[in-house]
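Input sequences plus hints: build the corresponding full structure.
Counting along the sequence shown from 1, when you hit position 7 you're at 851 in this note's numbering, and nothing is skipped either side.
No incorrect hints appear here.
Derived lysine-lysine pairs resembling DSS-like cross-links, with alpha carbons at most 30 Å apart:
| no. | residue 1 | residue 2 |
| --- | --- | --- |
| 1 | 892 | 949 |
| 2 | 865 | 892 |
| 3 | 879 | 892 |
| 4 | 865 | 879 |
| 5 | 878 | 865 |
| 6 | 879 | 949 |
| 7 | 878 | 892 |
| 8 | 949 | 878 |
The hints are simulated quantities; they were obtained by calculation from the structure and are not laboratory data.
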Amino acid sequence: MSELAEIVRRLDALEAAESIKRMKARYWRFVDEKKYDDLVALFAPGAKIVIHGTEWPSARELVDATREYTGGAPTVHHGHMPEIEILGEDVASGVWMLEDLVPFKAGENAPPGHRGYGMYRETYRRIEGIWLIDSLELTRFRMDPMDNWVREA
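Structural data, given as structure tokens:
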């Protein structure tokens, strides 16, 4: 490979990694802003989603469950220390550390709220020039209890 071709390859990889980082930043922002349709659009068709060992049938079903459980509860998600590896022209993988505060809306069947610490392992696919999540596996290492959210009158 020529020196110029190597420089172009490296620049393309840097641009791809930066695009993936921006997409993932939107992911967490969309969760916290409750922009659920925008969130679903960040997933590739047929994306594999596993959270705490449970596989979700589709991004839409995960997002609808998130909407149901959180309602208007003020969540906070932070992703840190991305490790993005470009595996091919339109394929990449990544690892992100996570810290989140999730006070689910209070109710009879509400799961307990938590402040969580964990990790995402993901793969990405570029489709028509746009990087999307092709697989997502979320594992939390620690979840400290947090009171659930009660809407103020």
